Amino acid sequence: MGIDVPWPRPGTLRTAAALAGAGFRRWATYRQAMLAGAFTNTIFGFLRCSVMLAVAGGAGGVAAGYRGPQLVTYVWVGQGLLAVVQLWGWTELSDRVRTGDVQSDLLRPMHPVLTYLTADLGRAGFAMCTRFAAPLVVGALAFQLYVPHRLTTYPLALLSVLAATVVSFGVRYLVNLTAFWLLDIRGVLVAWMLCANVLTGLYFPLAFLPDWVQPILWYGTPFPSILQAPVDVLVERGSAAHQLSILAVQLGWAAAVLAASVLVQRRAERRLVVQGG
Amino acid sequence: MAEHPRATAYRALLVAQVRAQTQYRFSFWLDAVSSSVVSLLDIVAVLVLFRATPALGGFSVRQCLLIAALGNVAFSLADASVGNIDTMRQYIRTGRLDSMLLRPMGVLPQLVFGDFAPRRLGRVLQSCLVLAGTLIWIDPQWTVGRAVLVVAAPLAGAVIFASVFVAGSTVAFWFVESGEFANAFTYGGRDFTLYPISIYPGWFRKIFAYGLGFAFVAYYPALALLGVADPLGAPAALAWCSPLIAVPAVLAAALVWRVGVRHYRSTGS
Amino acid sequence: MALIETHGLRKDFVVRRKVGRLRRQRHVTAAVHDVDLAIEAGEMVGYIGPNGAGKSTTLKMLTGVLSPSAGEVRVCGLRPVAQRTRLALRIGVVFGQRSQLWWDLPLAESFRLLRHVYRVPAADHAARLRRCRRLLELDEFLDTPVRQLSLGQRMRGEITAALLHAPRILFLDEPTIGLDVVSKQSVRAFLAELGEAGDTTLMLTTHDLADIERLCRRLVVIDHGRVVHDGTLGELHARYSSRRRVVAELDVPWNGAAAPSGTSIEAVEADAHRVTFALHSATAGELIASLAASGALRDVSVLEPDIEDVVARLYAAPEPSRG
Numbered sequence: 003m004g005i006d007v008p009w010p011r012p013g014t015l016r017t018a019a020a021l022a023g024a025g026f027r028r029w030a031t032y033r034q035a036m037l038a039g040a041f042t043n044t045i046f047g048f049l050r051c052s053v054m055l056a057v058a059g060g061a062g063g064v065a066a067g068y069r070g071p072q073l074v075t076y077v078w079v080g081q082g083l084l085a086v087v088q089l090w091g092w093t094e095l096s097d098r099v100r101t102g103d104v105q106s107d108l109l110r111p112m113h114p115v116l117t118y119l120t121a122d123l124g125r126a127g128f129a130m131c132t133r134f135a136a137p138l139v140v141g142a143l144a145f146q147l148y149v150p151h152r153l154t155t156y157p158l159a160l161l162s163v164l165a166a167t168v169v170s171f172g173v174r175y176l177v178n179l180t181a182f183w184l185l186d187i188r189g190v191l192v193a194w195m196l197c198a199n200v201l202t203g204l205y206f207p208l209a210f211l212p213d214w215v216q217p218i219l220w221y222g223t224p225f226p227s228i229l230q231a232p233v234d235v236l237v238e239r240g241s242a243a244h245q246l247s248i249l250a251v252q253l254g255w256a257a258a259v260l261a262a263s264v265l266v267q268r269r270a271e272r273r274l275v276v277q278g279g
Numbered sequence: 038m039a040e041h042p043r044a045t046a047y048r049a050l051l052v053a054q055v056r057a058q059t060q061y062r063f064s065f066w067l068d069a070v071s072s073s074v075v076s077l078l079d080i081v082a083v084l085v086l087f088r089a090t091p092a093l094g095g096f097s098v099r100q101c102l103l104i105a106a107l108g109n110v111a112f113s114l115a116d117a118s119v120g121n122i123d124t125m126r127q128y129i130r131t132g133r134l135d136s137m138l139l140r141p142m143g144v145l146p147q148l149v150f151g152d153f154a155p156r157r158l159g160r161v162l163q164s165c166l167v168l169a170g171t172l173i174w175i176d177p178q179w180t181v182g183r184a185v186l187v188v189a190a191p192l193a194g195a196v197i198f199a200s201v202f203v204a205g206s207t208v209a210f211w212f213v214e215s216g217e218f219a220n221a222f223t224y225g226g227r228d229f230t231l232y233p234i235s236i237y238p239g240w241f242r243k244i245f246a247y248g249l250g251f252a253f254v255a256y257y258p259a260l261a262l263l264g265v266a267d268p269l270g271a272p273a274a275l276a277w278c279s280p281l282i283a284v285p286a287v288l289a290a291a292l293v294w295r296v297g298v299r300h301y302r303s304t305g306s
Numbered sequence: 096m097a098l099i100e101t102h103g104l105r106k107d108f109v110v111r112r113k114v115g116r117l118r119r120q121r122h123v124t125a126a127v128h129d130v131d132l133a134i135e136a137g138e139m140v141g142y143i144g145p146n147g148a149g150k151s152t153t154l155k156m157l158t159g160v161l162s163p164s165a166g167e168v169r170v171c172g173l174r175p176v177a178q179r180t181r182l183a184l185r186i187g188v189v190f191g192q193r194s195q196l197w198w199d200l201p202l203a204e205s206f207r208l209l210r211h212v213y214r215v216p217a218a219d220h221a222a223r224l225r226r227c228r229r230l231l232e233l234d235e236f237l238d239t240p241v242r243q244l245s246l247g248q249r250m251r252g253e254i255t256a257a258l259l260h261a262p263r264i265l266f267l268d269e270p271t272i273g274l275d276v277v278s279k280q281s282v283r284a285f286l287a288e289l290g291e292a293g294d295t296t297l298m299l300t301t302h303d304l305a306d307i308e309r310l311c312r313r314l315v316v317i318d319h320g321r322v323v324h325d326g327t328l329g330e331l332h333a334r335y336s337s338r339r340r341v342v343a344e345l346d347v348p349w350n351g352a353a354a355p356s357g358t359s360i361e362a363v364e365a366d367a368h369r370v371t372f373a374l375h376s377a378t379a380g381e382l383i384a385s386l387a388a389s390g391a392l393r394d395v396s397v398l399e400p401d402i403e404d405v406v407a408r409l410y411a412a413p414e415p416s417r418g
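Residue numbers (the numbering used here), protein chains in the order written: chain A, 3 to 279; chain B, 38 to 306; chain C, 96 to 418.
So here's chain A without its partners, still in its complex pose (with noise of 0.2 Å):
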């Protein structure tokens, strides 16, 4: 069977690029929204970044191999990319689906993937300048941050936040998908934020956790390749080359996560047009 894969056209780019920069614009309007978002990820940065620090005063300076100003980072970086790859709260496609307007994707001319995809990248990209630097800023003058001594790890760093944000939309979207089965999703989005909040590395890293969980997590969820890995990228955890390979197993799962919402978009698409909404 044949799968309408999106692949973007010289055209198509055109159009999402355009989609991007709506979507930056669109996320530029809620000042307010982003002001309080902004002081919320800056409280829980000093909250979260306490702790950190006590563990790593605790444990004689070393907690599972973060010294503490990698930990300070890892949080207030952390606390950034929140928003950037947006953890929580999205259920425009659900509400959508709900509501019946979602009709009105299809009739446009981009696959519905490609077409909220771009959308979700131009808010990432509003987020970055915004909701991503604001904690990281009030962080810096508070806390003492790691600094990457490679340079490499700069853009290393961006493309796996890129990734990130893909990633996230994927998985996102496939929890919106399910609203075409479910209607009300609201367990759904639970269960989502209970993977969100712990095994994206939110809550505490994943290398707190036993060493035989590493493996399970990394390669066979998406959850750590939303948050931990562009954070152990910037960290510099390990060698270049690990960094690299971190950065191959979110591609990995950029991509799985992609196909598998095309792939559910078409399932929901005939089931729209069995019901004859």
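Hint data in this document are derived by calculation from the structure and do not stem from the laboratory.
In this text, all values refer to a predicted model and were calculated from it rather than measured experimentally.
Treat each hint with caution, since some may be false.
Label pairs and their computed distance ranges (CB to CB) [to be verified]:
| id | chain 1 | residue 1 | chain 2 | residue 2 | range |
| --- | --- | --- | --- | --- | --- |
| 1 | C | L246 | B | F63 | 27 to 37 Å |
| 2 | C | T180 | B | L158 | 26 to 36 Å |
| 3 | B | T131 | C | S359 | 46 to 56 Å |
| 4 | A | V139 | B | P285 | 31 to 41 Å |
Note that the Cβ used here is the ideal one computed from N, Cα and C, for glycine as well.
Guided by the hints, dock chains B and C onto chain A, whose structure is given.
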């Protein structure tokens, strides 16, 4: 036995809400199970941290676990009763608060009863079980005072949390798009109470521990239960002050709420 | 004291406008500006005006949703915001674009819930519901969840919900907006009967002129937050010089004589066989009698003034100068 008419109304709202939620059966159960697991994670997180370190701010794993368990019970009680008030900003943004203002009941009870999420009760039960388990593990030397404290402290803590929930939600009356602002103090407060306050930097600790009263939710009561002196040098009597903090907290929250409702700007035409 | 009474009622909103790239300026605008109203029990009042005139804002202040910036309000002798829950028992409110019903529950369940919320005795509740079920034909969708109802069905449900506690005043904000023709007629007929029974005072905002003609004995027209007209529909016509007209078909061409007193000639058509008279002080009967006396009257028809014209002219009227 005759029931007060208002009580009947609240019960009717409650039943209707439960019915509406259970209409989507699969979602409901997934929600209920996930929520219970979510709150268990706070406790699990403490244990995970202790895999990386033998002590946290000078406290052992058992001691930290008791602090976390006490904080968790207080938070889950508050969350089950008024936690859904954070949906109020949606009510304000969409103008649905209008319909609530038009009914012959207070808005707060309508939100509390009309949006009641039964899944949150699972969280209360679960947090109580964790506290009981922790107490068995620690086996403090029980006295009457400690027995009273172990019941009174989470209740007072729940009142403090509930006040923060209510006061925090009113921000939306002034700033409609305030988004997650209140979470910094509600969920942030929960995170704060899970750990010994000695780990937080000075001014930050002052705001959360004393300004918002979160030190009295779990930390000081836990010290008294453990028979440990405060490394920061606070008098032991503070363990008993939780109810004294809870009362002004409620009054302040009620005042802010009243002012907020007056300030409501119904959106749309 | 009147059932609804306001003195100098005012509501200011602060609007922030973007000035340049980053700066924003505060503007205070009055959505409702010194409105004085006195509505007696049993009246049917249409509260009309263009979009953004302040209609909904006024209604929200009368119902206790919004607190006024200045002025006095008494509804059923109560202060709406301060005595909100007591007032809620005495009024019913239908906001066309906002639901009072429980989205996920069947309509019947919402009604049952409202009985508890408003503490209505079971027998009264049942009797009122029975009446609404019959008149608004609710039976076929009583067990359907509200979210699945059509707009017309939902609106009939909303009106029922607002009436189950027998309110003294029923406020309706655009009750027929977006409804299909059949639903509109059904809602209109129901409200007309309700208003004529006299137990319930009706106050409604609407853009629908058929609603106005059918349901409003008194019209309060508001524009830019100020009342620009308060009186009957007839007075409105008089004020905006829209008159009833009589079209007379004559056997012989109109001889060019002056119009009978109290009337004027608007048009002479069809080789002067058809003449249109505008009525000023004379009644249609007087004019017809005088035409019949001249002996050449074949046929006659009376044209009602077109309210659409009046309202269009009203809305297009220049903004009253601001104090």
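Practice item. Determine which of the earlier numbered hints do not hold for this structure and return their numbers in increasing order. Key: none
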